[in-house]
Amino acid sequence: MKFNIFNKSILTGFVLSLAFSLSAQDNWTVPANESGKVCPTPFSSTMKMDGKDIFNKNCKSCHGDIGKNNFVPLTPEPGDPASEKFSKNSDGDLFFKITNGKGAMPKFKDQLSESERWAVISYIRSFHKDYTPAEGGNETALEAASFTGKDLKLFVNKDQVNLEITTEVQGNVDGEMVPANGVRVGFFIKRNFGLLPVCEPVTTDDKGIAKAKFPNDLPGDSLGNYNIIIKLIDDDMFGKVEYSETLAWGKSFVYDNPLNHRAMWGNRGNAPIWLLLAYFGMLLSAFVVIGYVMLQLKKLKSLGKK
Amino acid sequence: MSSEKLTKEEAKTRFEKMVSDITRPMTHHYGLNVWIFVLLMILSLFGYAYFIQVRDGLGVTGMHDYAAWGMYIANFVFFVAAALVGMLISAVLGLSGQKWITPVSRIAEMIAVAFAMIAGLVIVFDMGRPDRVLNVFIHGRVQSPIVWDLTVVTTYTIISTLLLVLPLIPDMAIIKKRLTNAPKWQMMIWNMLSLGWIGTPEQYKILHRSIRALLILIVPVALMIHTVTSWLFAMTPRAGWNSTVFGPYFVTGAFVTGVAGVIVAMYFFRQNYKLKDYLTDFHFDKMGKLFVLVAMVYMYFNVNEFFVPGYKMMEGEDHHILTLFVGSWAGLFWFAQIFGNIIPMFLPIFKFFRKPMPLMIISVLAVLGAWIKRYIIVIPGQLHPFLPVQNVPDKFHFYVPTGPEIAITLGTIGMAITIITILAKIFPVIPIWEVAEEKGIDKETINE
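Chains as they are written, first to last, in this note's numbering: chain W, 564 to 869; chain F, 4 to 451.
Hints should not be assumed to be uniformly reliable.
[To be verified] Computed list of lysine-lysine pairs in DSS-like fashion (alpha-carbon distance at most 30 Å, straight line):
{"hint": "1", "chain 1": "W", "residue 1": "861", "chain 2": "F", "residue 2": "292"}
{"hint": "2", "chain 1": "W", "residue 1": "721", "chain 2": "W", "residue 2": "692"}
{"hint": "3", "chain 1": "W", "residue 1": "692", "chain 2": "W", "residue 2": "753"}
{"hint": "4", "chain 1": "W", "residue 1": "862", "chain 2": "F", "residue 2": "446"}
{"hint": "5", "chain 1": "W", "residue 1": "864", "chain 2": "F", "residue 2": "180"}
{"hint": "6", "chain 1": "F", "residue 1": "180", "chain 2": "W", "residue 2": "861"}
{"hint": "7", "chain 1": "W", "residue 1": "861", "chain 2": "F", "residue 2": "358"}
{"hint": "8", "chain 1": "W", "residue 1": "753", "chain 2": "W", "residue 2": "774"}
Don't read these hints as lab results, they were simulated from the structure.
Isolated chain W, as found in the complex (with noise of 0.2 Å):
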């Protein structure tokens, strides 16, 4: 039995390795079932975003920014997304080969969620100029953003003491202002590096609110202040709407840098106390039997003078 299974492995190695050495060579295929797969939510502009930075942080190292052909010279060549090479494949391929990967490609199945995938896949896409949506999936607007006023504005309504905000959305329907519903706010605190979300985006009820809950332990500067922004997630669709304050919510925070300790890592104001000592001390041992040797040999001159 024993002998079976290493025999076994023996024999499904060589294949494997077999096919792989074969389909390197030949253009990476993918299986039909898989290749005609669509996104079950259509592209919209907020995906693309997210993909943005999906892309940047786990695929741009390879394939460079896209459209300007700056990849890194690996072979088999990495390739630019924007180029005829990715264009022709269909969002199933593309989804497959970002899934599964192969060779220098990783399989990115455990990194990203399937909507993280499909997202970088809407963000490469819109490099595409012909590229035209497949059937059945990504062509209507998102159902979430139903409202179709205009100029949407935002209204929003602190609680102090529970750190809630409850933000009502008005929008211009035929000359008049009423409540925006089924449309997403955003919540967010500004960060060093871009925007924390506080939450998921809330889509509002049929009075157009939507509320969110701060948590009360998030680092502020040293007053415990954070500038909150909030805004429509669709603003593809309705236009930039934006609102931000800066709130005392956080707790204050004070960067202690490791460079104003006494470290050996420190400047040279801030050398350790036991090094200074050690150094000084032995220069100075040093010096003093070399300066008493001066004054010996002073001494051993004026007895010669006698």
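Let chain W serve as the given structure and place chain F on it in line with the hints.
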């Protein structure tokens, strides 16, 4: 010290013969012109190369982003190693009461002073523009081994110079009374350095006390100078440098280099200065035995340095060790190990190889091996960094020193030899008063 009692007349005749033997090379210049000419050629080649380096920058060297330390630093480590011998001979052996080192000690000190002085200069050449040195003082941090190194090299140079000058004092008094035909500037130097020596018991007491204080002081300073030099490497986590035995490894390696250097110098002075009666076969025999001892200790650290990481073969270390033992660096590595350590450890065990000529040949090869050893400590590890850089040019995986770099390195060796030549020309290479005392000549005769 000889036990026989000499009569006043005998002592005087012997002493005068000794002084004239030892000082003859100072007034007779056989072949000196040729020697000076060769040195001047080397130095002018250096001058031209250094001019090019200052004009065009460090780009004229073979150093690049990977091998940022090249031949200069390897040469620096070699210089520090050679300088260490002053401490070994004068302090370690002298303080432990070894009398045979007396005629050798001044040669050792001259080598120490010359190499320690130029070691500091080598660093300046490595910095490219000389004014960069100021940055060490402006921005240097006490936490940096480079600052420690600068401090300790300077201190060691001062102490070594004092240890050369102090035992010269009575000799200066002896010479200025006898070589009255010497040029005026030479007379002035002798007169100044004799410090009015008349040989009173008090002067002897002060002299001995001062020398003893310096001999004790130089032991820790010398250990520090080479340990800190090894820390320039060992304080980084780079494969091949990341070692806990680097301090003693460098110190013991320096002893081998130094002993070999002194033997070469002894042989040179014995032949050219006709000092066979003072640097005798006995002294070479002793130096040969010392050579075996220091080479054995060095071997112990060599085994530790390679066997321990070689047994584990950690990532990074494995590649480093393989390139040294069987890879592209194997030729230089085995030359350094065989001629720099294995041969000095075995051959001088046999009496024949402790004779002046064979011992000198072994020593010349050992010095060469020692230089190469520093080269392969400094360079190979840098060519394979832990974090490879993208799109790195192929040439970064190699380091080839350029013409100006080699010329400047040769120039520094030329400078050290020039210093030794000058010192040996205006000062006696054998301490006259100490040797005379050992031969049983009384202090009165010496200071007459």
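Exercise. Are the Cα atoms of residue 692 of chain W and residue 753 of chain W separated by 30 Å or less?
Worked result: violated, 35 Å
For this session: Assess, step by step, whether the Cα of residue 861 of chain W is no farther than 30 Å from the Cα of residue 358 of chain F, and give holds or violated.
Result: Violated, at about 44 Å.
Problem set entry | 30 Å Cα cutoff - pair residue 753 of chain W, residue 774 of chain W | holds, 18 Å
Problem set entry | Agreement of residue 861 of chain W and residue 292 of chain F with the hint, judged by alpha carbon distance not exceeding 30 Å | violated, 40 Å
Exercise. Are the Cα atoms of residue 862 of chain W and residue 446 of chain F separated by 30 Å or less?
Worked result: Given that 30 Å is the threshold and the Cα spacing comes to 20 Å, the pair holds.
Exercise. Can the restraint linking residue 864 of chain W and residue 180 of chain F be considered satisfied, given a maximum Cα separation of 30 Å?
Worked result: holds, 17 Å
Exercise. Holds or violated: residue 721 of chain W with residue 692 of chain W, Cα cutoff 30 Å?
Worked result: The given pair, whose Cα atoms are some 45 Å apart, is violated under the 30 Å limit.
For this session: Sort out whether residue 861 of chain W lies within 30 Å of residue 180 of chain F, counting only the CA atoms.
Result: holds, 22 Å
Of the hints listed earlier, those the structure fails to meet are numbers 1, 2, 3, 7, in rising order.
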